[in-house]
Amino acid sequence: MKKAARSTAPERNPVGITTPTYLGMPKFPKLAAPELRNPVLRHNLQMATHTIRDKRAQVVGEVDDWEALRVDGARSKDAALNNLDEHLEELERNLQKAGATVHWARDAEEACSIVVELVQESLGAPAKYSEERSGGETSWGGGEVVKVKSMATQEIELNEALEAAGISAWETDLAELIVQLGHDRPSHILVPAIHRNRSQIREIFDREMGKVGRPAPDGMTDEPAQLAEAARQHLREKFLRARVAISGANFAVADTGTLVVLESEGNGRMCLTLPETLISVVGIEKVVPTWDDLGTFMQLLPRSSTGERMNPYTTMWTGATPDDGPQDVHVVLLDNGRTRVLEDELGRQALRCIRCSACLNVCPVYERAGGHAYGSVYPGPIGAVLTPQLRGTASPIDESLPYASSLCGACFDACPVRIDIPRMLVELRSQVVDQHRGGVPSAEAAGMRAASWVFGNHKRLEGVQAGAAAASRLFGKRTSISQLPWPASAWTQARNAPTPPKESFRSWWRRTHEEPRS
Amino acid sequence: MSTAREEILGRIRHALDGSGARTADTAAGPVGMTGAPTPGSTAHDAMVERFVEVTADYRAVVQRCGPEQLAAHVAAALQAYGAGRVVIPPGLEQDWLSASEAEFVIDDDVSTEGLDRCDAVVTAASVGIAETGTIVLDHTADQGRRALTLVPDVHVCVIRESQVTPDVPGAIRLLRPAIEAHRALTWISGPSATSDIELNRIEGVHGPRHLHVIVVAG
Numbered sequence: 001m002k003k004a005a006r007s008t009a010p011e012r013n014p015v016g017i018t019t020p021t022y023l024g025m026p027k028f029p030k031l032a033a034p035e036l037r038n039p040v041l042r043h044n045l046q047m048a049t050h051t052i053r054d055k056r057a058q059v060v061g062e063v064d065d066w067e068a069l070r071v072d073g074a075r076s077k078d079a080a081l082n083n084l085d086e087h088l089e090e091l092e093r094n095l096q097k098a099g100a101t102v103h104w105a106r107d108a109e110e111a112c113s114i115v116v117e118l119v120q121e122s123l124g125a126p127a128k129y130s131e132e133r134s135g136g137e138t139s140w141g142g143g144e145v146v147k148v149k150s151m152a153t154q155e156i157e158l159n160e161a162l163e164a165a166g167i168s169a170w171e172t173d174l175a176e177l178i179v180q181l182g183h184d185r186p187s188h189i190l191v192p193a194i195h196r197n198r199s200q201i202r203e204i205f206d207r208e209m210g211k212v213g214r215p216a217p218d219g220m221t222d223e224p225a226q227l228a229e230a231a232r233q234h235l236r237e238k239f240l241r242a243r244v245a246i247s248g249a250n251f252a253v254a255d256t257g258t259l260v261v262l263e264s265e266g267n268g269r270m271c272l273t274l275p276e277t278l279i280s281v282v283g284i285e286k287v288v289p290t291w292d293d294l295g296t297f298m299q300l301l302p303r304s305s306t307g308e309r310m311n312p313y314t315t316m317w318t319g320a321t322p323d324d325g326p327q328d329v330h331v332v333l334l335d336n337g338r339t340r341v342l343e344d345e346l347g348r349q350a351l352r353c354i355r356c357s358a359c360l361n362v363c364p365v366y367e368r369a370g371g372h373a374y375g376s377v378y379p380g381p382i383g384a385v386l387t388p389q390l391r392g393t394a395s396p397i398d399e400s401l402p403y404a405s406s407l408c409g410a411c412f413d414a415c416p417v418r419i420d421i422p423r424m425l426v427e428l429r430s431q432v433v434d435q436h437r438g439g440v441p442s443a444e445a446a447g448m449r450a451a452s453w454v455f456g457n458h459k460r461l462e463g464v465q466a467g468a469a470a471a472s473r474l475f476g477k478r479t480s481i482s483q484l485p486w487p488a489s490a491w492t493q494a495r496n497a498p499t500p501p502k503e504s505f506r507s508w509w510r511r512t513h514e515e516p517r518s
Numbered sequence: 519m520s521t522a523r524e525e526i527l528g529r530i531r532h533a534l535d536g537s538g539a540r541t542a543d544t545a546a547g548p549v550g551m552t553g554a555p556t557p558g559s560t561a562h563d564a565m566v567e568r569f570v571e572v573t574a575d576y577r578a579v580v581q582r583c584g585p586e587q588l589a590a591h592v593a594a595a596l597q598a599y600g601a602g603r604v605v606i607p608p609g610l611e612q613d614w615l616s617a618s619e620a621e622f623v624i625d626d627d628v629s630t631e632g633l634d635r636c637d638a639v640v641t642a643a644s645v646g647i648a649e650t651g652t653i654v655l656d657h658t659a660d661q662g663r664r665a666l667t668l669v670p671d672v673h674v675c676v677i678r679e680s681q682v683t684p685d686v687p688g689a690i691r692l693l694r695p696a697i698e699a700h701r702a703l704t705w706i707s708g709p710s711a712t713s714d715i716e717l718n719r720i721e722g723v724h725g726p727r728h729l730h731v732i733v734v735a736g
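Going line by line, the protein sequences match chains A and B.
Using the numbering used here, the first residue of the first sequence is number 1, and each one after it goes up by one.
Using the numbering used here, the first residue of the second sequence is number 519, and each one after it goes up by one.
In short, the hints are calculated from the structure, not lab data.
None of these values were measured; they are calculated from a predicted model.
Every residue gets a Cβ at the ideal spot worked out from N, C-alpha and C, and that includes glycine.
The reader is advised that the hints may include incorrect statements.
To be verified - Which residues of chain B face chain A? A few of them, derived with a C-beta cut under 7 Å, are: (1) Arg523; (2) Arg529; (3) Thr652; (4) His657; (5) Thr658; (6) Leu692; (7) Arg694; (8) Trp705; (9) Ala711; (10) Asp714.
Stated by the list, open to error - Stretch-level coverage of chain B by chain A, calculated; a stretch enters the list once three of its residues show a Cβ under 8 Å from a Cβ in chain A: (11) 530-539; (12) 723-730.
To be verified - Residues from chain B that keep clear of chain A, each with C-beta distances beyond 12 Å, as calculated: (13) Thr552; (14) Thr556; (15) His562; (16) Arg577; (17) Ser618; (18) Glu619; (19) Asp637.
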C-alpha cells in the first residue's frame, strides 16, 4: 500500500510475532477445502450467522441515525490513532494516578513474560522459578488464574506461556470454555465456538469437565439452559478461589484512565471483581481519546456484535478502587505489529476495529469456510486485512488472506467504524503481487504478461483473434468447453469456458459497417 | 526507565510524523443524544414507561410504584424468590426493608463465600437508560461494592424515576463525576445471559439469574 512520504529512516516498524499455533500454516484455499467438505460445520455456521445477522439488522434499524454514529465512531478512532503517542501517554498518566501499574510490551513474547512474572509474583512463586523449570525440577506446585475472553491474549498465546510456567489459565467465557475443553481453536471473534452445535458441546462438557474440576452433572442433556448451568457450576469454585485474573479491554479511555469490558454472562464481572490481582493486556489501538466517546461506542458495539440494544453487563474501572475489587491492578500495553499497521495511510483504518465481528457474520466467504481457514485468531474480512498487516505477507497463509474475499462489500456496510475492508483487500493484493516481481514468474504471471504483449498492439491482437476464429470451427455448434488442457484446466475445474467466437468484433464491424474500398 | 515504552512511542512517531496524519482532534458533539424531559411532564412519564418496557424485554421483572408502596414491593419480591438471607449495602435506606421478614446482613466486608450463602441483594441505582433498558451502578454507599450485586442469585434494584435518562450519551455525561472520582461502574441490562450456544440467548449464567427492578416515583 501507499507508504507515508518520509524523508528520514526508510526502515519500517517490525511486524508482530506469528505464534507457534499458526506458524507454517498453508494458504487459505488449502485450509478452507476440508472445512467446506464438512456439512455439520456449514450447517452450524449458516444457522448462527443468519440468526445474528437478523438480530443485528433489527436493532440497528431502531436507531434514528445509525450512519451518524458510524461516522462518529470512525472519527473518534482516527483521532486516537492520529495522535496515538499522546493519547497513550495520557492514558498511562491517568492509570498511574488511579493506582495502576503500566507495562509496555513490544511483542507477544515480551507481553507473555511480563504477565507470567506478574502472576508468579502475585501467587508467591519462587523468584527463580522459570530458571528452575528449565532444569526440570521445581518446588513450586504451580498456580492458576481465571481469564476473561480477550482477543489480545489469544493473539499472543498467553495461555500457552502460562502453562509452560506451570500456571493453569481457566477461560471463563462459555464459548472460550468450549474451545479450551475441546482442545480446539477459536473460529469467530465474538463466539469462538460458533462452529460447535449443542450436541457437540454436551459431549465436550461431559468428557472434559471432570478432568479439570467439577464434572458435568449426571444426565445433562443438550438443552442450552442445562449446558449453561453446567458451566456455571463448573466455574463457580474457580471464581470464588481465584487470586489473579487476566483480562483484555474493549476500550481504554485516555482522559480518565478507565478500562471497559463488555460481556454477557457475568464471568467478566467475576474476574474483574473477586481476585486480588488484575492484569489487563490491552492493544495500543484500544485507546479512545475521551470519556464522552464512549457515548458513541456503547451504542455501536452491542448492536453490532450480539445484536442487542445493550449487552447484559459492562464493567468500567479506573485503576484500583479503594475497598472495591482488585487492589493490585496492572495494564500491559501491547504493540506486536500494531505500529507497523499504523505506518500505512490506508491500512491503519484496520486499527479502528472494535472486534464486534459484524463483518464475519455478513461475509459469504466466512459463512462457508468458517474461521479456522484464516490461520489467525482474527478470522473473516477483518482478519483478512488485519493479519497480513500485523504479521506481514511473507508466509503462504498471510499472503493468501487478501484473496479470501469476493469483494462484495457487505463487510464495509456492516462495519460500525467504517473500515473500508474491500479497498484494503485490493491494495494488499497489489502488495502481494509486487513482492513476487522478479524471479521465476508463476503461470498466472506469465499468462498475464503474454496477454499484455498481445493487447499492446492491434496487429498482434488481430492475429490472435484470427487464430481463435479458425479454432472455433473445431467446436461446431458448441458454445462452451467443460475441460481445457493444463494449465487452463485449473479454470475449467469449477466452471465452463466459452468457445472462441466465430468472428471478432473488429472483423464483424469491418464486414458490416465499412464501405468496401474501391 | 522502560525501554519498551520509549521504543513503542518512537515507532508510533516514526509511523505518523510527516505522514499528514497529525490532524488536530476534532471532537464532535455526542451523537444520538436527546435532551432529558422535565421530571413530572408527560414526556418524562413516556420515557420512564419506555425504560420499563425495554428492561422487561430482556427478561428482567420490572414494577412501577409510588414511594409509599416501595417497602411492600421489596418484601413481595424477596418473598417471591424465597430469599431468606439478604445482603444489603451499608448506605441503603432502611425504610425500604421495613415490610420484609427476611434476615438482612449489612455488608461489612463479608467474604465471597459469605456472599455466596446469601440468597439475594437489595440495592439502589445511579442511572437508568430508557432506550437500552440499562441500570448503571456507581457503587456508592446505597449500592455497595461490586461483589455484592454479583455473587447472590437475586438482585432487587430500586431506581427513582428521576434517575432515568433517555439515552446512552446522556448517561455517559451523568456518569463522568463518578469516573473522575475513580469509582467503578457496572452497567446491567437484564439478568446474566449468554448467546454462545448456537447464538440463542439463554438467561442465567454466572451473574444473578434474577434481576428485579422497582421503579419508584419521584
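Here is how each hint holds up against the structure:
For arginine 523 of chain B, the interface hint holds, the least distance from its beta-carbon to any beta-carbon of chain A being 4 Å, beneath 7 Å. Interface hint status for arginine 529 of chain B: upheld, as the beta-carbon distance to the closest one in chain A is roughly 4 Å, under 7 Å. Because the smallest distance between the Cβ of threonine 652 of chain B and any Cβ of chain A comes to about 5 Å, under 7 Å, the interface hint for this residue holds. A least Cβ separation of about 6 Å between histidine 657 of chain B and chain A falls short of the 7 Å threshold, and the interface hint therefore holds.
Here the hint on threonine 658 of chain B is broken, as its CB sits about 11 Å from the closest CB of chain A, past 7 Å. A least Cβ separation of about 11 Å between leucine 692 of chain B and chain A goes past the 7 Å threshold, and the interface hint is therefore violated. Here the hint on arginine 694 of chain B is kept, as its CB sits about 6 Å from the closest CB of chain A, short of 7 Å. For tryptophan 705 of chain B, the shortest C-beta to C-beta distance to chain A is roughly 4 Å, which falls under 7 Å, so the interface hint holds.
Interface restraint check for alanine 711 of chain B: the shortest CB-CB distance to chain A comes to about 5 Å, inside 7 Å, so the restraint holds. Given hint, aspartate 714 of chain B at the interface with chain A, holds; its Cβ is 4 Å from that chain's nearest Cβ, closer than 7 Å. Counting residues of the region 530-539 of chain B whose C-beta lies closer than 8 Å to any C-beta of chain A gives 10; at least three are required, and the coverage claim holds. Counting residues of the region 723-730 of chain B whose CB lies closer than 8 Å to any CB of chain A gives 4, which reaches the minimum of 3, so the coverage claim holds.
Its beta-carbon lying about 9 Å from the closest one in chain A, threonine 552 of chain B breaks the requirement of being farther than 12 Å from that chain. Annotated as non-interface, threonine 556 of chain B keeps its C-beta farther than 12 Å from every C-beta of chain A; the closest such distance is 22 Å. With a closest Cβ-Cβ approach of about 20 Å to chain A, histidine 562 of chain B is found to remain outside the 12 Å limit, as its non-interface label requires. In this structure arginine 577 of chain B is not separated from chain A by more than 12 Å, as the shortest Cβ-Cβ distance comes to only about 10 Å.
With 12 Å as the threshold on Cβ separation, the claim that serine 618 of chain B sits away from chain A holds: the shortest Cβ distance comes to roughly 25 Å. Non-interface call for glutamate 619 of chain B relative to chain A: holds, since the shortest CB-CB distance, roughly 29 Å, exceeds 12 Å. Non-interface status of aspartate 637 of chain B relative to chain A is upheld: no Cβ of that chain comes within 12 Å, the nearest being about 15 Å off.
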